[in-house]
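For this one, chain A is given, so just place chain B on it according to the hints.
Protein chains: 2
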Amino acid sequence: MFTDEYYMREALKEADKAFAREEVPVGSVVVANNMIIARGHNLTETLNDVTAHAEMQALTAAFSHLGGKYLTDCTVYVTLEPCPMCAGALFWTRPHRIVYGAHDPKNGYLKHSPTLLHPKTDVTTGVLADEAATLMRSFFEKRR
Amino acid sequence: MFTDEYYMREALKEADKAFAREEVPVGSVVVANNMIIARGHNLTETLNDVTAHAEMQALTAAFSHLGGKYLTDCTVYVTLEPCPMCAGALFWTRPHRIVYGAHDPKNGYLKHSPTLLHPKTDVTTGVLADEAATLMRSFFEKRR
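Chain order of the listed sequences is A and B.
Residue numbering for the first sequence follows the numbering used here, starting at 1 and increasing by one per position.
Residue numbering for the second sequence follows the numbering used here, starting at 1 and increasing by one per position.
The following block holds chain A by itself, in its conformation from the complex (with noise of 0.2 Å):
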């Protein structure tokens, strides 16, 4: 328990939650003190609103259970890497830490620059990137 497989295995399951509403399967948690403290997934199709990612959704969720807008000492999990409005999100809010899954060249930050993320903030890639990586793949493969 406490791992980082832990807690992306949660974020998995948001996304999950996303793949059963035909929305885009990303999901989210925010971790603080080990305990996870907001959920999160796409709801982007659901909402009617480019800005309902999980990351977003899950801040959100964050903010109103610990009354606060900073997220110091949280670490924020997302299954995919975080496009360039979430990242910027992330930025205001400037988590300890952030774990995501599988890389997201088409859409991701990284594409347009690694500063888009919190300076403060330490970045760890790459955990269950493969389930999440094929969560993605299956999701499109079903609309095509």
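It is worth saying that the hints were derived from the structure and are not from the lab.
For clarity, every value in this text was computed on a predicted model and none was experimentally measured.
Virtual Cβ for every residue (Gly too), placed ideally from N, Cα, C.
Be aware that one or more of the hints could be misleading.
As the list claims (entries may be wrong) - Residues from chain B that face chain A, not an exhaustive set, calculated with beta carbons under 10 Å:
(1) M1
(2) E45
(3) D49
(4) F63
(5) G67
(6) G68
(7) Y70
(8) T115
Only chain B this time, still in chain A's reference frame:
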């Protein structure tokens, strides 16, 4: 009427509302067929949510008005150069045009990458920039 200055003045009215709430004074309006279909101002303190920037509020209101999540026929006006988060949100929603006022060398998207906005979006800058910059300056001087 129907000029960039006219709509930017409406965005400045939104920024004034933010100022009155002791929020960083940024405002935004979304225009389709010469009509303002959505308005927003910065509410990060009020909502305790870093994602509650003026553009994000206006975009979400526009999606709700249009019942769609693409703003291909819209122009988005914002008093200040968007930050990377807002530029990323604007990317996803692909407005025909973005018009902004003052530059934001510290927190604007251009500091990171001009590719953050969608390549199909035309960008006009500097409209009523002095008014927007003066409002920002008054806000930060008041807080000192």
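Notebook entry, point to check: Under the criterion of a CB-CB separation shorter than 10 Å, is B:G67 in contact with chain A as hinted?
Noted result: 7 Å, holds
Margin query: B:Y70 was flagged as interface toward chain A. Is the shortest Cβ-Cβ separation under 10 Å?
Written below: 8 Å, holds
Note to self: Is the interface hint satisfied for B:D49? The criterion is a beta-carbon contact with chain A at less than 10 Å.
What the structure shows: 5 Å, holds
Next item on the list: Go through the hint on B:G68 and say holds or violated, using the shortest Cβ distance to chain A against 10 Å.
Entry: 7 Å, holds
Next item on the list: May I ask you to test the interface hint for B:F63 with respect to chain A, counting a Cβ-Cβ separation under 10 Å as satisfied?
Entry: Given a least distance of 5 Å, the restraint on B:F63 holds.
Check: Can we keep the B:T115 interface hint, with Cβ of chain A closer than 10 Å?
Finding: 5 Å, holds
Next item on the list: Using 10 Å as the Cβ threshold, decide whether B:E45 counts as touching chain A.
Entry: Holds, about 8 Å.
Item checked: Satisfaction of the B:M1 interface hint, Cβ to chain A closer than 10 Å -> 30 Å, violated
Hint check: a violation occurs at hint 1 only; the rest are consistent with the structure.
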